[in-house]
Amino acid sequence: MTDSKYFTTTKKGEIFELKAELNSDKKEKKKEAVKKVIASMTVGKDVSALFPDVVNCMQTDNLELKKLVYLYLMNYAKSQPDMAIMAVNTFVKDCEDPNPLIRALAVRTMGCIRVDKITEYLCEPLRKCLKDEDPYVRKTAAVCVAKLHDINAQLVEDQGFLDTLKDLISDSNPMVVANAVAALSEIAESHPNSNLLDLNPQSINKLLTALNECTEWGQIFILDCLANYTPRDDRESQSICERVTPRLSHANSAVVLSAVKVLMKFMEMLPKDLDYYGTLLKKLAPPLVTLLSAEPELQYVALRNINLIVQKRPEILKHEMKVFFVKYNDPIYVKLEKLDIMIRLASQANIAQVLAELKEYATEVDVDFVRKAVRAIGRCAIKVEQSAERCVSTLLDLIQTKVNYVVQEAIVVIKDIFRKYPNKYESVIATLCENLDSLDEPEARAAMIWIVGEYAERIDNADELLESFLEGFHDESTQVQLQLLTAIVKLFLKKPTETQELVQQVLSLATQDSDNPDLRDRGYIYWRLLSTDPVAAKEVVLAEKPLISEETDLIEPTLLEELICHIGTLASVYHKPPSAFVEGSRGVQHKRLPARAGSGESAESPDTVSTGGVSEAPPAVIPSQGDLLGDLLNLDLTPPTTTGPPPPTSSMQMGAMDLLGGGLDSLMGDDSEPSHIPLRTDTPQSPQLHHHSPSPPDYSPTELGGDIGGSPAMGASFGAPPAVMPGSFNAPVSGGLSDLFDLGGGVGMPMGAYVPPKTVWLPAMKAKGLEISGTFARRSGVVQMEMTLTNKAMSVMGDFAIQFNRNSFGLAPAGPLQVLTPFTPNQSIEVTLPLNTVGPVMKMEPLNNLQVAVKNNIDVFYFSCQYPISMLFVEDGKMERQVFLATWKDIPNDNESQFQIKDCHLNSDAASNKLQGSNIFTIAKRTVDGQDMLYQSMKLTNGIWILAELKVQAGNPNYTISLKCRAPEVAQSVFQSYEAVLKN
Amino acid sequence: MIHSLFLVNASGDIFLEKHWKSVVSRSVCDYFFEAQERATEPENVPPVIPTPHHYLISVLRHRIYFVAVIQSEVPPLFVIEFLHRVVDTFQDYFGVCTEAAIKDNVVVVYELLEEMLDNGFPLATESNILKELIKPPTILRTMVNTITGSTNVGEQLPTGQLSVVPWRRTGVKYTNNEAYFDVVEEIDAIIDKSGSTITAEIQGVIDACVKLTGMPDLTLSFMNPRLLDDVSFHPCVRFKRWEAERILSFIPPDGNFRLLSYHVSSQNLVAIPVYVKHNITFREGSSQGRFDLTLGPKQTMGKAVESVLVSSQLPRGVLNTNLNPSQGTYTFDPVTKLLTWDVGKINPQKLPSLKGSMSLQAGASKPDENPTINIQFKIQQMAISGLKVNRLDMYGEKYKPFKGIKYMTKAGKFQVRT
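Residue numbers (this note's numbering), protein chains in the order written: chain F, 1 to 984; chain X, 985 to 1402.
Isolated chain X (complex conformation):
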């Protein structure tokens, strides 16, 4: 199981270590640093590194490496999932997961890590339960604690810990009972240079924020549930009911949680909401290149495409660019060769464009690689897969909750090859 954990910052310093079994010397991280040095980019450090006596499994989040040390055969995914859970918990507790935040709350961090893992076995990882055991630090509570000398450690066994619904505590009370659901879809796509789709798929999630008194039992049904043939559920969802009726039936955790995530594969026809017209050319023998990019909406069901951001890694031979955006602002970093263009909203009447020239190293040969264009965007009030919630009902409690459902489509890894 998980032996130890080291947190390493971007400059390669270990700023926190925690051991669940015996103490493992931090020199074990030297193997990690070696691998880090070999990797050209921070994210290219391999996630599993063997050393003579241990294995190092690491994830990179918020520019911090979380390096777990294991000694025996442990499922690596188990470790990686746990590390993600640690990151999520920190973020949940401190708002951000940065080196500064962790150092500021080092005692709470330590208490949390101790509570999450016992002898390498996960103990309590549900945020609901943790929060009952260790109260998240707030300015008010810190003040009160300092004055009154009370603690931020719960004295009672968390109620949810052993019940059949471990994700929900009992005795929840709200004056305003409300349940919000966000359907968020990310579209991953690769578009080839002629504009046709090579592959496109949708990663969707339904995130919920449920603040309901007591033990509500909810059901959620969809207009078109057959879209959801590849789904992962929060443990609260009753799988049998879904299999039989295609209805989500569950007792929700209290607060924010991810109800389900789904995947619409490339075998279904996925609508592509934007198109790109591009003309990026370099001529042999000339020290100039042309750059011409126009964006336009496509299959958006009339909704506006917003927060559009275009970025592209230009070839190493490009010294500088002289471009003219029809809207928004653009920057080019001559060191990293990264071009970013913050477009904003696409106006279908007047399509945004970025045109101009690139200057190349004099005398150098024409660059071999073709830059790939990365696009980010958001479309409100639409789920690109067409998924629609039909109705949401509550059983088990008498009050009438306020319900809300929001849709949004975002670009995930949306790449256009040139």
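Excised from the complex, chain F in its bound form:
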């Protein structure tokens, strides 16, 4: 006879029959009936109608029957609150039973009945049970507090149960301690800021003692709790690590992973040169490897966590590559995770093995996995430079298999390889072209078209190839259309003679027959570029592209730190902070890794640009890790080709006149006039290129420079904001080499631009402990705000952001404010914020006033500061003599203003030299009666020209300066700049 008999029903109606049996006099029959009820409950049948009859069976000395009734009660009490009261008496009585098992059972069950009326009666028995002599009852009661808190938090607080629970942490029985910790942790989850688990060295010591003796589940609770503690110093940290390490050998994988979390967190505090640090690193590898021999579900969770650990501390598993090799019958979710970790661990030492494996995977059955394997080969090529050649040949082998999706995937990654190693592997292009017809996925087609366009000069029949795509232009996806447009324009610029017709065709297809705004806009831009100035078009379209970065799919460092603190949790499985998805946790605290003792933060801060001389180049093309966040945010913006300073084209000088006329308007509010665009034409319908400059982050990915974005995994750095443009890009212009020759030796080497000393902008008093002092500088053609942030508060600051109010010249941050966190008390950080001038414009009083808002985790603060207008003087502000003369005459005399600069002891050449450093260019020098007259010009970022006449009398420390400008408002600021530059 088995329990399945309880499922059989009779014709009369189940409920009716059960009712009769429940009310039977025979004990045995009653019990059988209750079992039948429970059986129905397990399969989700509604048997709540039997409530009074079942509750009647509760008064019994048969423990099994009692347990069964309790089971029933827990399920249905909520639907019958009034009836449930009937049970209270029995519960209260049972809580006094001499048998601890029954006492515990009663208090446990009562806690599960989520009915307000019952909870009132629960308080007294619970209080007794929390102090019961039997630890079994105490540990059950501890959990019951958490249950009660879930039902009625206020009641628990009012009754002082929380304090009793805290006392249980010091209980003599480790099982009670573990349950108390578990209950407190659960309660704390809904009260993030309550100091429930007040961890101090004494309580930590108690927890560590209990850790050795409690059950495996208790160990998990205790370890998770320990992970929230921040040791006072590295010694304490080490001693905790030593006591936690034995848990790594536990059979329960959850215990192991929780122990790994504690160790990963606390080891952050240990000095790296400590012997123990190395020992600990070695001890972490075997348990992680062992997790991978467990069941696939465990493996999956373990792999997601290992993925984090490998990013944080690659040294732990660097020799364990082989355990991540994929077995063909691994579930797909395990396979994909292993592949990801393999790439992260790939290095020059093991790349041969990895590639051989990846090639093997590329012939497997599962399409998703094969695709990812092929992509992985590409990522290896980009990550390990020495392996690139081998990767390319592996990819070629795969293309030879002619398996359709393998070929397509391979072409997509080869495109990325070209982006990383330009002009190195074009020999494979011929092979790629053979497979043109088999490509049917947009991404692969777009990649192939990009390759053809980029290397058009080396592909004899590039025009034919592209033409073949053009036939079905309207059926292609936008991605392919955009790419095709750009590729044909590139082809035209490289081989103008043969492809005129083709380019006409594609431009008309894009502009006239398409209703996609991205495509149409790009088409028009090319069209205008090509029709007005092919030379400039070449500069723009065929500009050199920044290399793509190696590891772009890394988790952003602060998020990674937070996730490391959450190893073993759902957050670590989803690689998202718990605040992003955990329901019901009101304001989860962000956890951080503790700072290493003794060592400053600077060791790990890659990019605080020093405020030294101009020679200091801004960050390199490939952003270092610290920049990653910023770049990711700016992903898919325009390529940087438009953001550099104007290339010296012939049209520039001609445009000067015109802009002088329009400059004033643009200053005063019409911000549609392009201000820093490489092109200046005298046609009124000059292209409004600046719509494509990287100011609005939500702008659609129109890529003026004609590049294809790398595959999502790789392209992150591609749309780098102008802030990270290399110094070298601007250097030839700003260095003013041509100016040097023009001046015929009259002037020496230009000196660096004048940078005023830092002043305090935001005193700590006004900003809750945050002090900001700073200055502005123009370095290599980029306007920068250089700030020193000092944390004078008692707490750690973070989440910095900055914003500017509208201002006269449209200054706006070109990137996010990057403050390395944690920004600990008494720390000072140097921050350089690159600026652009494409923000909204509003005239300020004084003109060079800038209102700034800085936000951090504490509050938002406002301050205003003034920038020297000289930092807006662009590098090509040198006018030709004739133009200067004409302009000088053209500007009405009313616009002229005169100033005196006093106490300046420079001779005219030295002055000229000094001024040139700040982009104030001397065009001519005349000497009349021992008085040197310097004629100078400068141009603001918004295209306004300022002409100046500087009179220097030998032996007289007072200079006279006359300024002429179409916008006389700027004169005062310009004069101030003159004075500042000359006197410093």
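Keep in mind that the hints are not guaranteed to be accurate.
[Unchecked claim] When the alpha-carbon atoms are kept at most 20 Å apart in a straight line, the in silico PhoX-like pairs for lysine-lysine are as follows:
| # | chain 1 | residue 1 | chain 2 | residue 2 |
| --- | --- | --- | --- | --- |
| 1 | X | K1005 | F | K117 |
| 2 | F | K282 | X | K1224 |
| 3 | F | K19 | F | K29 |
| 4 | X | K1177 | X | K1350 |
| 5 | F | K45 | X | K1119 |
| 6 | X | K1177 | F | K327 |
| 7 | F | K925 | F | K951 |
| 8 | F | K327 | X | K1321 |
| 9 | X | K1282 | X | K1394 |
| 10 | X | K1394 | F | K327 |
| 11 | F | K283 | X | K1350 |
| 12 | F | K902 | F | K914 |
| 13 | F | K424 | F | K545 |
| 14 | F | K131 | F | K78 |
| 15 | X | K1334 | X | K1282 |
| 16 | X | K1177 | F | K359 |
| 17 | F | K983 | F | K914 |
| 18 | X | K1177 | F | K322 |
| 19 | F | K282 | F | K312 |
| 20 | F | K318 | F | K282 |
| 21 | X | K1119 | F | K35 |
| 22 | X | K1382 | X | K1157 |
| 23 | F | K402 | X | K1321 |
| 24 | F | K792 | F | K855 |
| 25 | F | K322 | X | K1334 |
| 26 | X | K1350 | F | K359 |
Quick caveat, the hints were computed from the structure, so don't treat them as lab data.
Since the structure of chain F is provided, determine the placement of chain X on it from the hints.
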């Protein structure tokens, strides 16, 4: 913590549900069924599935999905480990863990689940303690209970529950005192087509069956303990002693338990006990393929390789096979394309082979993928890592127990690429 548990069978029906907090509607499982539908194979269902208000964490065992519902941030491994414990307990109680067995014992199952978890916190998961609280059903006991009306629920607090050795109950008595240890090693390996080892590692366990009276204190020492540098212990093992002396010292639980599991990594040289010579070829344009497989022993220290079973997933293009085994039997399933060859024992004098042809779809192109060959085998009286127990001593009790140690090597995931 764990909110609810649903058991789902292979055909996608929920046949049991248990709630530890409030009742969660079973419609939450619809998200699970969606994921199940998307997965091509039953085992490809992702173990963690997010839904708008809950997370579903599932394991697949004995063709039953155990789906746990959680609502707040809980370590997923904690849930998965607990579910495994549930499966082990069912198996322990009912002999098998099948839908039928669970339905037959639904009340005991319910009582067990209630005992194992309280408000989502694990309460009693040790089989020793559970068995004292809820007696496993036996035919005899069911009969007796029916007649006498007694129950199968223990009335007393389990003794081990709170002691320093929670895994052992007091007052154990046996007439024959015996302790058996099985050293079982599974070898996982990937062999490439040329026969060289890509990766090979050993997962070893020492399972024990200890039936000793009283509170015996055992020590177990090894000839070559340095092989064990990556180990996981049963909680009974004194870790400090192991760290210091490399001796396992413990008060054993009563009955069957896993004393330790260990891992010998791919960085050590792992002996490969069998080799495979294979020649599986398809020719372009021909509707025939050749299949030729020979097995042979290698590094077995003279022990016989037994219970050999070869299986391979042939490419989809293969319609049928016409093969000839030199020993054993082979089957080919034309639907799943799974070839299995039950070889039996390898005779080193006359190596087993399987030769013949495969017929392919006419006109189809040559298959792209190379089949992988999966091999299972057993070798008795040998631990492939070379691990050997030195001696086993008992303290604390006066009688003389009977002791026994057995070694065995098995194939785990042993794969040969072609």
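Hints versus structure:
1. X:K1005 - F:K117: The given pair, whose Cα atoms are some 18 Å apart, holds under the 20 Å limit.
2. F:K282 - X:K1224: At roughly 19 Å apart (the allowed maximum being 20 Å), K1224 of chain X and K282 of chain F satisfy the hint.
3. F:K19 - F:K29: Holds, at roughly 11 Å.
4. X:K1177 - X:K1350: holds (19 Å)
5. F:K45 - X:K1119: Measuring from Cα to Cα gives roughly 27 Å; hence the hint is violated.
6. X:K1177 - F:K327: With a Cα-Cα distance of about 14 Å, the restraint between K1177 of chain X and K327 of chain F holds, given a limit of 20 Å.
7. F:K925 - F:K951: holds (10 Å)
8. F:K327 - X:K1321: Holds, because 19 Å separates the two Cα atoms, which is no more than 20 Å.
9. X:K1282 - X:K1394: Judged against 20 Å, a Cα distance of about 14 Å means the pair holds.
10. X:K1394 - F:K327: With a Cα-Cα distance of about 17 Å, the restraint between K1394 of chain X and K327 of chain F holds, given a limit of 20 Å.
11. F:K283 - X:K1350: Cα-Cα ~49 Å, so violated.
12. F:K902 - F:K914: holds (16 Å)
13. F:K424 - F:K545: With a Cα-Cα distance of about 15 Å, the restraint between K424 of chain F and K545 of chain F holds, given a limit of 20 Å.
14. F:K131 - F:K78: violated (29 Å)
15. X:K1334 - X:K1282: Holds, at about 14 Å.
16. X:K1177 - F:K359: Distance of about 13 Å is within 20 Å: holds.
17. F:K983 - F:K914: Holds, at roughly 10 Å.
18. X:K1177 - F:K322: holds (17 Å)
19. F:K282 - F:K312: Distance ~15 Å between K282 of chain F and K312 of chain F Cα, so the pair holds.
20. F:K318 - F:K282: Within the cut-off at roughly 11 Å; holds.
21. X:K1119 - F:K35: holds (16 Å)
22. X:K1382 - X:K1157: Status holds; Cα separation ~13 Å.
23. F:K402 - X:K1321: Cα-Cα ~24 Å, so violated.
24. F:K792 - F:K855: holds (16 Å)
25. F:K322 - X:K1334: This hinted pair is violated, its Cα atoms lying about 35 Å apart.
26. X:K1350 - F:K359: holds (19 Å)
In terms of the numbered hints stated before, the structure departs from hints 5, 11, 14, 23, 25, listed from lowest to highest.
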